[in-house]
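**Q** Residues per chain are reported as follows:
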Amino acid sequence: MVKTSGIDVKKVAKLGNLPLSADEERIYTDQLSKVLDYVELLDRADTKNVEPTYNPTESRNSLREDSVKPSLSQEDALSNSPKNTDGFIVTKGVFGEEQ
Amino acid sequence: MQYTPVIGLEIHVELNTKTKMFCSCSADYFGKEPNTHTCPVCLGLPGALPFANKEALEKCLMIGLALNCKISKDSYFERKNYFYPDLPKGYQISQYRKPLCIGGSLALHLGGGKLIRINRVHIEEDTGKLFHKKSKTLIDFNRSGVPLVEMVTEPDFKNVDEVVEFAKTFQQIVRDLGASNADMERGDLRLEANVSLREIQKDNLPDYRIELKNINSFRFMQHALEYEIERQRKLLEQGVPLYKETRGWSEEKKESYLQRSKEDAHDYRYFPEPDIPAISFNDSDIERIKAKTPELFSSKSKRLETEYGLTSETAKTLVKQGMAGYFEEAVKEGEGLDPKAIANAIVNKRQSTELSPGEFTGKLREVTGKQETSMGDLEIAVLSVIKHNEKAVGDYKNGKESVIQFLVGEIMRETKGKAVIDKVLKILLEKLND
Ligand SMILES: [Zn+2]
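If you're matching them up, the sequences are chains A and B in order.
The numbering of the first sequence is this note's numbering, which starts it at 1 and goes up by one.
The numbering of the second sequence is this note's numbering, which starts it at 1 and goes up by one.
Please keep in mind that the hints were generated in silico from the structure rather than gathered at the bench.
The reader is advised that the hints may include incorrect statements.
[Stated by the list, open to error] Restricting the straight-line Cα-Cα distance to at most 30 Å, the calculated cross-link-like pairs of lysine-lysine (DSS-like) are:
#1 Lys-83/A with Lys-80/B
#2 Lys-14/A with Lys-89/B
#3 Lys-80/B with Lys-48/A
#4 Lys-32/B with Lys-168/B
#5 Lys-349/B with Lys-168/B
#6 Lys-89/B with Lys-54/B
#7 Lys-14/A with Lys-80/B
All of these numbers come straight from a predicted model, not from anything done at the bench.
All chains should be modelled from the sequences, with the hints used to inform the complete structure.
**A** As structure tokens, this is what we get:
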């Protein structure tokens, strides 16, 4: 169970790659704790006889055949990106290795 | 203090399906114009819904079966969340709690048939490709969403040779299955190893492990592991404690280097992918997939040995050369010919295998004439030795008769000492004086 009082906003911010000022850290600690407190209301529900589920549908094996359909044009694919070069999307330099 | 290596292996292999894992974009991205194989799904645009590729799941299942895994009756996808520009959605669709295949094993030849336990074989999607320039990074999403199978072993390897044998066998298996080209230079197959050292007197696993990444060839893996084992041994002997970390391998400098401290699994905040219904293969699905699974290298060469009485070496060579099908065809066409003679003729390229199997055996029949098959075998061996020892044959023709002894020795070796020396000599002289 999440300990709401102990939410580590620094860590959450690091995982989300969000730079937070000390003020923001305080604000978000307070806000996120309230969110978690609210969600914790769910703990009151009696789930003793309820099977765990992770998907709202009973549907299974919704699969498609392996046949190619046209992709977007390069122009369309790049159209939402603010900076491109030679067909690549350009982003700030990230050093460190690929996942 | 004496130490012994504890090594586990993680292999990612890109499947060779026509389309990506969750969309119908072409998965054939290698060498293509950047960002020409994308759609809202593999670009991670809002509202796009993933639709899983049946062929990719079946290929993952084939790999699992080939590694003696149990196929999970109830499998699902999960989101693995992390922040990096190669991942447009902000998460990778992967598997975590319920992988498709669990708990298999693979026997090595080394260590007297030592079993390496397989923890899991699961399916996920590949990421986009990044090109790091000086102050910027270029992104190509053609690879984003290509089906990727991840195989994880238990930490059962005790030395580098075992790891190399396993990795090569795994590569052969996925190729036999037609599941992946498994070309390491193209990045179809990627190796990661977890390495630590255990005190020889202690049974429990070490409390740290070093993950080695960026290994692009079997040879590099060998270098990286050997280096890493020595590095750790030295540190431990100096009493320096080791911690969990990820290290890359630089083949240029021949050393491993620190990449970053490894996030704990919960930092990825895995949770079930709500957009894709569960996957369940029942027994009849599994039987159907088994029925269309190609024969594996190892079982194929075993079968050729027992069915046709071939030596294990000949059988393996046939399979390695991709000539097993040709051989079996030729045996059918060449009724009355000894399968061993046919196999030898193929392996030693005595006739051109450009010919159809029928023509091939026809030619072979001409050469071996109407002699008994055992005679045919011997004749083939003689011809092969003559062909492969041009210099000795030339010496003989120039009057240096002593080379006969050498040639006879070669023929005896080729026939594994089964031939009668008198007969060998007779046929050899006949052929040499022809
Ligand atoms: Zn796509």
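**Q** Checking each numbered hint in turn, tell me which of them this model violates, lowest number first.
**A** The structure breaks none of the hints.
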